[in-house]
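Assembling the complex is the task here: the two chains are given apart, and the hints tell you how they should meet.
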Amino acid sequence: MGRRVAHWGWNVESFDFLRHVTIGQYIPGNSVLHRLDPRAKITVVLLLGAAVTFNGSYLGHLTLLAVTLGLVALARLPLRFMLGGLLPALPFIALLALLQLFFTGQGPTTLSGHASVSLWQWGWLHLTTASVQLTVISLARLVELIFLVSLLTNTTPLTGLTHGMEGMLRPFTPLGLPAHELSLIGTIALRFVPVLAEQLESILKAQASRGADLHLRGRLQFIQATRATIVMLVPLFLNTLLRAEDLALAMEARCYLGGKGRTHYVRLRLRNLDYIAIVSAAAFTAAALVWRNVL
Amino acid sequence: MSEPLIVARGLEHTYMAGSPLAVRALNGADLEVQRGEALGIIGPGGAGKSTLVQHLNGLLRPSRRGQLTIDGQDMADPRTDVQAIRRRIGLIFQRPEDQLFKPLVGDDIAFGPRQLGLPRPEVRARVQRAMALVGLDFEAFVDRPTLSLSGGERRRVAIAGVLALEPEVLILDEATSGLDPQGRRELLDLLRRLHRQEGKTVILVASYMEDLVDLAGRVAVLAGGRTVVQGEIREVLAQGELLQRHGLAAPEIAQIAEALSARGCRLSRTPLSVQEAAAEIAPHLAQHPAMRERTVSGLSEVGDDRRLSNDGSPGCALGVERGVL
Numbered sequence: 093m094g095r096r097v098a099h100w101g102w103n104v105e106s107f108d109f110l111r112h113v114t115i116g117q118y119i120p121g122n123s124v125l126h127r128l129d130p131r132a133k134i135t136v137v138l139l140l141g142a143a144v145t146f147n148g149s150y151l152g153h154l155t156l157l158a159v160t161l162g163l164v165a166l167a168r169l170p171l172r173f174m175l176g177g178l179l180p181a182l183p184f185i186a187l188l189a190l191l192q193l194f195f196t197g198q199g200p201t202t203l204s205g206h207a208s209v210s211l212w213q214w215g216w217l218h219l220t221t222a223s224v225q226l227t228v229i230s231l232a233r234l235v236e237l238i239f240l241v242s243l244l245t246n247t248t249p250l251t252g253l254t255h256g257m258e259g260m261l262r263p264f265t266p267l268g269l270p271a272h273e274l275s276l277i278g279t280i281a282l283r284f285v286p287v288l289a290e291q292l293e294s295i296l297k298a299q300a301s302r303g304a305d306l307h308l309r310g311r312l313q314f315i316q317a318t319r320a321t322i323v324m325l326v327p328l329f330l331n332t333l334l335r336a337e338d339l340a341l342a343m344e345a346r347c348y349l350g351g352k353g354r355t356h357y358v359r360l361r362l363r364n365l366d367y368i369a370i371v372s373a374a375a376f377t378a379a380a381l382v383w384r385n386v387l
Numbered sequence: 033m034s035e036p037l038i039v040a041r042g043l044e045h046t047y048m049a050g051s052p053l054a055v056r057a058l059n060g061a062d063l064e065v066q067r068g069e070a071l072g073i074i075g076p077g078g079a080g081k082s083t084l085v086q087h088l089n090g091l092l093r094p095s096r097r098g099q100l101t102i103d104g105q106d107m108a109d110p111r112t113d114v115q116a117i118r119r120r121i122g123l124i125f126q127r128p129e130d131q132l133f134k135p136l137v138g139d140d141i142a143f144g145p146r147q148l149g150l151p152r153p154e155v156r157a158r159v160q161r162a163m164a165l166v167g168l169d170f171e172a173f174v175d176r177p178t179l180s181l182s183g184g185e186r187r188r189v190a191i192a193g194v195l196a197l198e199p200e201v202l203i204l205d206e207a208t209s210g211l212d213p214q215g216r217r218e219l220l221d222l223l224r225r226l227h228r229q230e231g232k233t234v235i236l237v238a239s240y241m242e243d244l245v246d247l248a249g250r251v252a253v254l255a256g257g258r259t260v261v262q263g264e265i266r267e268v269l270a271q272g273e274l275l276q277r278h279g280l281a282a283p284e285i286a287q288i289a290e291a292l293s294a295r296g297c298r299l300s301r302t303p304l305s306v307q308e309a310a311a312e313i314a315p316h317l318a319q320h321p322a323m324r325e326r327t328v329s330g331l332s333e334v335g336d337d338r339r340l341s342n343d344g345s346p347g348c349a350l351g352v353e354r355g356v357l
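As you go down the protein sequences, you meet chains A and S in turn. Sequential numbering of the first sequence, starting at 93, is according to our numbering. Sequential numbering of the second sequence, starting at 33, is according to our numbering.
The shape of chain S in the complex, shown without the other chains (with noise of 0.2 angstroms):
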């Protein structure tokens, strides 16, 4: 495996140091990100998520204690271009739809890339792409106020503002909260576009397990800043007891398959989705000659005439799915 582009070990940060109101928000985070890799960090409410990330934007700098490399680069270093760093690496904050700056919606998508001082028909095109990819009518909202739009448009034009930068790391900090369930699907289809389609290093913040499923091969759980577990999420998912100790869960589906196996049903993986769980539980279903009936009797009542193999278990997974058994 080659080198990982991000590398934190023992990551400290206190906010308003050496004052009465001090708050320490991290207090130990590890954390390795690959190239290329679709990353989730999870973490009840002030686990220091959001710190974190701050970190790898550069807009937080290690002190004293803990150490941060970005490309090689150590990050404590203050002679480090930072800027370059901003480069590649965009965040999305959390509620981004509040940080807008700029009085109208081209403007404010424009901003990344006039810093970055290219000429007027590349950030022109800059900012149709973006706007493209979120789903913005280039014509229709380029020369809107801000203020005008919805909270929902809001954010797709800060999220744009980040893509027109066109960074090799997208970071999005708890970027789908609030959104309604076609926004969210939206967003998460726009995610896996950039990672699968254009190879970029995708890291999603997230207090819900739900969110990262669809996306992330990995995960980082946080939680009192500190990193408590690290690996795929498969593994971290089947660890429903470490998570709920630290106020987290996993998704519904990967509950009921412990309740499962707590049963006797076991399964041979953490399923992460309805489907991979209706193709786990049934071969344990085909077991039962009385299930098998059922789902042959269920799946012709609900008019589906497909006929179950030998061994019954597509057909049981089918009886799942449809909901007959």
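Only chain A is shown next, with the shape it has when bound in the complex (with noise of 0.2 angstroms):
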């Protein structure tokens, strides 16, 4: 019987918000990019998002998401996953992607470079090739990114994170950069995403089961959900500095000290497979950004 409760996009009414966050979230796996070094992971992902950020054109985009998707695969990470972790953001994406559609584009050139032509215009509202390109590619960039960070994050280990990082920025310490801090923050940052999803599920359902209407109907909806976001961002924040100064409290008690003189139980080491991944996106990245007007 196809009695489901029907859920799509945003519906607080679902609560399962751990579901929608897909950056953060470990997958345990044994797949080719589970087993990469992170320092590799990293360098590559941030390779790519150059390559994604700066290039412009509609054949750029359209391998670079398959290239994006190609990894997801490489990943064994099932995709209706992955494209759920669009959902949360699909609501702005789409008002920015309007926006952009019509209030953008009225320069000479588009985003690669080509001469702009005007589609359509009505009043403010104009429609030109400039601003179609770039709300195309804006959504691919989003799209892209979105992939490539929570593939970094789907298939490392919180540790596994924090060691990359800091081993990457330790070349920098004697210029006064503090790695080991840095790559904390970081960590604890990404830490916190699933920790606040759960949070505010929890909040939700306690006013939900007092008596708040969730489902957002009526022509003023934009308001109200707004106003609801504003109601539950307040305790969220409270709630999360308390968990702060706890979690400050748990590392004192354990003699955290910082990064000075700590060593680690498992020794990173790049391996071939590594360099060949380095060596495959930056030159991947390069060509990117040397035809990244072409089309």
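Treat the hints with care, as some may be off.
Unchecked claim - Here are a few chain A residues that face chain S, going by a calculated C-beta distance under 7 angstroms: (1) Y118; (2) L171; (3) L292; (4) S294; (5) K297; (6) G303; (7) A304; (8) P327.
As the list claims (entries may be wrong) - Label pairs and their computed distance ranges (CB to CB): (9) S:G149 <-> A:E290: 57 to 63 angstroms; (10) A:R168 <-> S:D175: 53 to 59 angstroms; (11) S:Q99 <-> A:A374: 56 to 62 angstroms; (12) A:T321 <-> S:L53: 21 to 27 angstroms; (13) S:G149 <-> A:W214: 40 to 46 angstroms.
Hints listed in this document are in silico derivations from the structure and should not be mistaken for laboratory results. Owing to the predicted nature of the structure, the values given are computational and were not obtained by experimental measurement. Cβ coordinates follow ideal geometry from the N, Cα and C atoms, glycine included.
So, in structure tokens, the structure goes:
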């Protein structure tokens, strides 16, 4: 029987927030991507991220999208799970796309430097080849970036990420860069994503069970949604601050004194596979940058 | 018997379904709740208790398999008015002190009544009533910031927030855990009052039987997302081995009774309290003249000059109670 309660998109009634937070959630596995050295993975993501950010052509992003999807397949992560991670961002992505589509692109050239052609105009609203390209490319960029970061965190346990970041930043410590602390901050931030989702879920449930109507309907939906968001953000931030304090205490109680003199249980070593990954990502990114304006 | 208020049959629930992290929390849970009864739900950690009670409040809906009807309404039907259900069934979550979401105590408790669209004087009256029930002084606490309260006070505020909705059914998920003995006694007293005097249906979720024996008439034992047994509390308690197998334990006094039975001292029913146990054990003791003698001398030693009746049983019960046997 198809009695499933319909839920799609931003429906707070389904509450299963954790499922929608694919960033920051480690999915155990034994794929090639899982086995790569965290430093190699971070480097690859940074390189591909640069390619995504600076390439402005349709062809480039078609390729980038294909590469990202290929990596998802390589990591043996279910595509549905990855797409689920986009759901919470969907309303914002849609709004952004609409604004870009109609209010930008009045310059003489498109993103990839071709002459812009006006397609449609009505009052303030313009539709040009430049605005269409900007919209499509921005959408592709967002999706690719979310996927890339998710891929990194989905295939790398938290300790791996910390060690990786620390290892990469360590050469800069003589310049006064607090490598250990920075990597710690980054890790804690990532670790808090699912924690915040869980907290949000429990507060929303408490509100719903006491009669809050979380079904957003009617014409003033947007205002209602904003108000509801503010109401839940306040306790969320307060709880998070309290939790951060607890965390600090717990670290001090275990004699945490920062990175000085600490050694690691697992020593990271770059293997052939890691070099191959880095070199091919670098080559790909170089190509994407050189031909960033084709088509 | 009238139709049960809540009926769950073969309820299933999987968290994060369709993701690699999917966890099956309920796997065929059955539950029947009669109007006006006090029911205990017990199970080891991870048995699916919290998932089950969230279904009873419409926070989670039955999916694909399993049925849940509340007051005759099918909870799987998207047209069912969940808001109306939540107005009648109040749910107090685990660690409710972490779920206050308004800056001031009064506002947090008033959240529910305000959502009901009640007039201001009525909201105020309900807040006052709810705070009185949980033992918080209205004048002293109503304008205090929730963050300035202690954990115990925050929990009272959270409970008052649900009581202010004046629901017919009260569900408490591990409400006594982490409370000191005094706080626990006060909470259980409050529940007993609400149950006996105001006729509220009370569903109490616990991992310790001790929390249930004072209040619940029936218990349902949950393990591995499935209902293992459901019935009168005494019948369930008597199945010590079954409880043990699922990582649970009968209250110590029931365990003592079982140990006595194993040694040939059969009790006519499983005792729920020390007093009951004493009354059950006494007739056995009275059969031994030596025991009678010791009871009499022991009682006079502690200054109790009550005479033993002929069969000796009340006296022996007294002896057990006073600790002279």
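Each hint tested on the structure:
1. Y118: Constraint on Y118 of chain A not satisfied, violated at 9 angstroms.
2. L171: violated (11 angstroms)
3. L292: With Cβ-Cβ at 11 angstroms, over 7 angstroms, it is violated.
4. S294: holds (6 angstroms)
5. K297: Hint on K297 of chain A: holds, closest Cβ of chain S at ~5 angstroms, below 7 angstroms.
6. G303: Holds, because the Cβ-Cβ distance from G303 of chain A to chain S comes to roughly 4 angstroms (cut-off 7 angstroms).
7. A304: Result: holds, 6 angstroms to nearest chain S Cβ.
8. P327: holds (4 angstroms)
9. S:G149 <-> A:E290: 57 to 63 angstroms: Check failed, 31 angstroms falls outside 57 to 63 angstroms.
10. A:R168 <-> S:D175: 53 to 59 angstroms: holds (56 angstroms)
11. S:Q99 <-> A:A374: 56 to 62 angstroms: holds (58 angstroms)
12. A:T321 <-> S:L53: 21 to 27 angstroms: Holds, since T321 of chain A and L53 of chain S (Cβ atoms, about 26 angstroms apart) stay within the stated range.
13. S:G149 <-> A:W214: 40 to 46 angstroms: holds (43 angstroms)
Of the numbered hints stated above, those contradicted by the structure are hints 1, 2, 3 and 9, listed in ascending order.
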